[in-house]
Each structure stands twice: as C-alpha cells, then as structure tokens.
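Chemist: The primary structure of each chain is shown beneath.
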Amino acid sequence: MTRAHNLARLLPALALLGSAAPGRAVAQRAQWTDVVYVPGRWSAGHIVAQADSLALMMRVDYFSAPPKWRAEIRRTTDGQTLGSPEILVGSGEQAVVVTQLGTTPLDQHALGRDPLVRALVVFDQAGRRKGLANGRITDRAADGKVARVVFRREIRNPSFDSALLDPGNRAGGRTLLASGIAAVGDQRSASVVATAGARGVDRVKTPGGDVPVRPDTMAVVRMEHFSVGSVALEEFLRAGGLGPYAAPGDSAGRRP
Amino acid sequence: MTPSRRAAAFLGAVALLSAVATAPAAGQSLFDRLRQAASVARTLLPISTEKEIEIGRGIAATIAGRFPVSTDAGLTRYVNLVGLTVASQAPRGDITYRFAVLETPIVNAYAAPGGYIFITKGSLDLIRSEAELAGVLAHEVGHVNRRHVIEQIRKSDTMREVKNTLDLQGFVLDRVVGTGANALFTGLSRGDEMEADSLGLEYASSAGYDPGGLAAFIGRLDQHAGEGPVSEFFATHPKPNERVDRLNSIARREGLPGGVMLADRYRATVGH
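Protein chains in written order, with numbering that gives the first Met the number 0: chain A, 0 to 255; chain B, 0 to 271.
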C-alpha cells in the first residue's frame with residue numbers, strides 16, 4: 000500500500016475521531032459540591048450528640064470527566080474553619096491521594112482510614128457518579144441510624160481545566176473557597192499593597208461630563224483584607240436554602 | 000518564548016501580512032501601512048491575569064475615589080456573602096472576588112477587572128429581595144469573567160504605546176487604568192451588557208436564587224426613569240424593558256426553575 004493510500008485511509012478515521020470525541024467528552028464533564036454533615040454539634044473541638052442537629056464535617060468540590068475525577072476536600076476539625084484542600088484523584092473506583100511528594104493509593108494513606116473520606120469515592124468502575132445530581136443524601140448505618148447527610152449541588156455549566164484530573168497536578172483550590180473567602184491581602188502588609196501597582200487616576204469621564212476623583216487605594220486594601228470565612232458562608236447558604244442546600248425542586252443545577 | 004507571546008507574535012504577523020497585502024489607500028506608503036499594521040498587531044497583546052488584577056486594583060481605587068466605600072461591616076459582609084454565593088457558580092478560578100458598597104444615592108454597580116465589584120447604596124435602596132441583589136452582583140461577576148473592561152482596554156488607543164506587557168507600568172499603567180475607569184463610568188457596549196445579563200441569570204439561578212431577580216430590579220428602575228439617581232444607569236445601559244423581555248425569554252427557554260427570593264433576609268439585613 001502506498002503512503003498516499005495510507006494517508007487517504009487515515010484521514011477519514013481522524014475526521015471521525017475529531018468530530019465524535021470532543022462532543023462526547025464535553026457532554027460527560029460534571030462539576031459539583033458535596034457538603035458533608037454528621038449527627039451532633041461541635042463543642043470545643045469535638046462532636047457531641049444532639050438530637051435534630053447536624054455538624055459540618057467537610058466540603059468537597061468534585062470535577063469529573065469519566066473515567067477520571069478529582070475531589071478537593073476541605074475538612075473542619077472545630078466547626079469554625081475549613082482547612083486547606085486535600086486532593087483525591089481517581090479513575091473509576093480507584094483513588095490516590097495527591098501530596099506534595101507525589102501520589103499514594105487511598106487505601107495506603109491515613110485519609111483512607113476515615114470512613115467519611117472513603118465514602119467520597121462516589122463513582123462506579125466507569126467513573127460515572129453514583130447517586131443524585133442534586134439534593135440531600137442520607138446514609139444510614141447498619142442499625143438504621145443516620146451516619147452522614149450530604150447536600151449536593153451540581154454546577155450548571157462545568158468549566159475546568161482537564162489538567163486538574165492529572166494526578167501530577169498538585170495545585171489545589173481553584174474553587175471559591177480557596178480564592179474568594181480567605182483574602183490574599185491577608186498575607187501582605189497594608190503599606191505594601193497600597194503602594195504596589197496601579198494608583199488610579201484623578202479625573203474620569205461620566206455621562207454628565209468629566210469629574211475629578213482622588214483615588215482611594217486604602218479602600219481597596221480594606222476590600223482585600225475583608226474576609227467572611229468559609230464556615231460563615233456555609234451557614235449563610237444553609238440558612239437561605241442556597242447552593243448545595245437548595246431544595247431539589249428549586250434546583251437550577253440540573254440541566255433543563 | 001511563552002505560548003501566549005508566540006500566539007501574539009503569530010497574530011501580529013498575520014495582521015502585518017494582511018495589511019501589506021491589501022490595496023493601499025491613496026497617498027499611503029508601504030511604511031505607513033506597516034506602521035498601521037504594527038499598531039493593529041500591538042492591540043492584540045494578551046493581558047495576563049496578574050496584570051488584569053493590577054489594572055483592576057487601580058480602577059477600583061478610582062471608583063472608591065469617586066464614591067466613598069461604606070464602612071458598615073455588617074452590610075459589607077452581607078453583600079460579600081451574596082456575591083460569593085453567585086460567584087461560586089462562575090467558571091473563573093483565578094480571580095478573587097471582593098464586594099463593596101459605595102455611599103452614593105446614584106443607582107449603579109461597577110465591576111473592575113480582577114474581581115473588584117461595587118454596588119451603590121442607591122441600588123440597595125431600590126432592591127427588594129436577596130434574589131434581586133444576587134442578580135445584580137451576578138451580572139457584575141459576568142463582566143469580570145468575560146474580561147469586558149480588559150477587552151475594551153486592549154482595543155483602545157492607549158495600547159498603541161504598549162509594545163509588550165512589561166510596558167504596562169508607571170505612567171502607561173495609569174493611562175490604561177484611566178481608559179478602564181472611563182469605560183466603566185460611561186458604559187460598556189450593548190453586547191457586553193447583554194452577555195453579562197445572560198451570565199448573571201445563569202449564576203444566580205444556579206446558586207438557587209429565583210431567576211427573576213435581575214429582571215425584577217431592572218423593571219423597577221424603569222418606573223423611576225427621569226429621576227436623578229437613575230439617570231447615569233439609563234445613560235450607560237441598554238433600555239430596561241428590552242433587557243427584562245430578554246431575561247424572561249432566556250429563563251423560559253432554558254426552563255429555569257424557581258428559586259428563593261429571600262426578601263425577609265434582605266430587609267432584615269439592609270434595613271428597609
């Protein structure tokens with residue numbers, strides 16, 4: 000067979016792949032958040048029993064393109080703050096913990112001994128999510144008692160870099176909790192921020208004509224230092240029935 | 000050479016070739032055409048997220064210079080909570096969203112690049128529910144996510160002076176900030192506003208808010224047409240009735256289900 004002949008056979012196959020693969024991949028991508036609670040309430044850094052009360056344990060942001068997936072876990076140990084992300088990357092039912100040093104199978108990592116973390120592997124062999132796309136999920140122990148309650152919310156139009164699903168990618172926290180709640184300004188002194196970069200301008204155009212302004216860089220510094228806290232946001236969402244706590248009937252997370 | 004610089008160089012070369020290949024205007028020399036092409040190519044320079052944030056900080060300082068930023072911690076906290084709730088539905092993860100209230104009776108909201116978002120006290124006085132506030136803030140998040148102000152800057156004459164992004168500092172950076180601030184205060188394009196409306200509707204609805212929030216607020220503004228505090232809004236945005244019709248049409252077409260309005264929580268926090 001000549002080279003030209005080979006090329007002629009190859010091109011239609013490539014065209015077929017090119018037209019079919021992207022559509023399928025886009026359709027399968029999903030992104031959602033699980034907020035995990037257990038019965039009880041937080042008291043001085045411990046969970047104590049209390050009827051009709053749920054204690055926040057972790058928030059998990061999932062990114063999925065079957066069979067691959069990624070879970071960014073932020074746990075609380077005091078009910079007040081959520082910690083830095085711990086990252087699971089998986090393919091189907093298999094998961095590894097991504098650390099600064101590399102990857103460790105979940106079974107061999109300390110995280111794997113936590114039943115709440117093991118329960119985060121919510122995928123079948125093909126990497127498809129098991130369970131609801133949105134809503135409240137209640138898991139019960141063998142004795143019928145509630146073991147954990149999960150509030151799940153799917154993001155309507157998932158948009159994430161496929162590199163997130165690579166076990167070699169240790170850059171966590173591209174989601175809201177990392178970027179929007181703990182202000183980056185916390186890590187810098189006000190004087191440094193105030194003098195860095197653009198200063199603003201002293202005259203601007205408006206529909207009513209030019210007006211003089213005196214740029215207020217310190218107001219921007221105050222904005223950068225303002226932080227509402229991750230648990231406060233979680234409480235706000237829960238009280239308003241928003242985000243993962245929206246009633247399934249009110250859910251816009253599902254696709255129309 | 001980084002991929003973005005390679006892309007910029009490639010686009011520049013394409014612009015250069017196409018300019019040279021086209022028929023010359025009367026009296027235009029090859030060098031004139033080359034200079035023109037080079038200036039077109041320069042406007043294609045990419046602006047990184049880091050530079051976007053730096054520009055955004057300058058524009059935010061300018062906005063805060065025109066109207067004082069509220070020091071009411073409770074109100075600022077509430078606006079940040081609502082803003083972060085809708086921003087969590089937005090796909091850009093490289094941006095830190097920050098929200099503030101401006102002490103002015105003027106009705107408007109502003110989105111500086113890099114995630115610095117402002118809403119005026121005049122707007123809060125007209126808003127009747129958290130879903131409406133969420134709709135307005137989500138619209139502003141949409142502007143940030145689509146880099147509308149940054150794109151205006153890239154197309155501006157100011158960028159003719161910029162040979163590469165390293166030039167974006169000092170006096171040049173201040174001029175770029177001025178261009179961005181002017182764009183915000185005099186109004187973005189109709190297309191940008193419509194796109195931000197669509198995105199705002201999507202973000203607010205996905206967060207669980209009633210999808211009618213933004214349309215309800217814009218519709219109420221129409222009832223105040225001709226009044227001083229809303230005149231800037233009318234001068235800088237497409238017609239309210241047209242936007243309301245379009246928002247309602249999108250909500251119907253997409254089959255967006257009802258969400259929460261949270262009017263009581265809004266009243267309890269904002270105080271009217």
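By construction, these hints were calculated from the structure, which means they are not laboratory data. Given the structure is predicted, the values throughout are model-derived calculations rather than measurements. Check before you lean on any hint, since a few could be wrong.
[Unchecked claim] With a cut-off of at most 27 Å between alpha-carbon atoms, the simulated DSSO-like pairs for lysine-lysine come out as follows:
1) B:LYS120 - B:LYS238
2) B:LYS154 - A:LYS144
3) A:LYS129 - A:LYS67
4) B:LYS162 - B:LYS238
5) B:LYS238 - A:LYS129
6) A:LYS129 - A:LYS144
7) A:LYS144 - B:LYS238
Chemist: What are the numbers of the hints the structure violates, in ascending order?
Modeler: 2, 4, 5, 7
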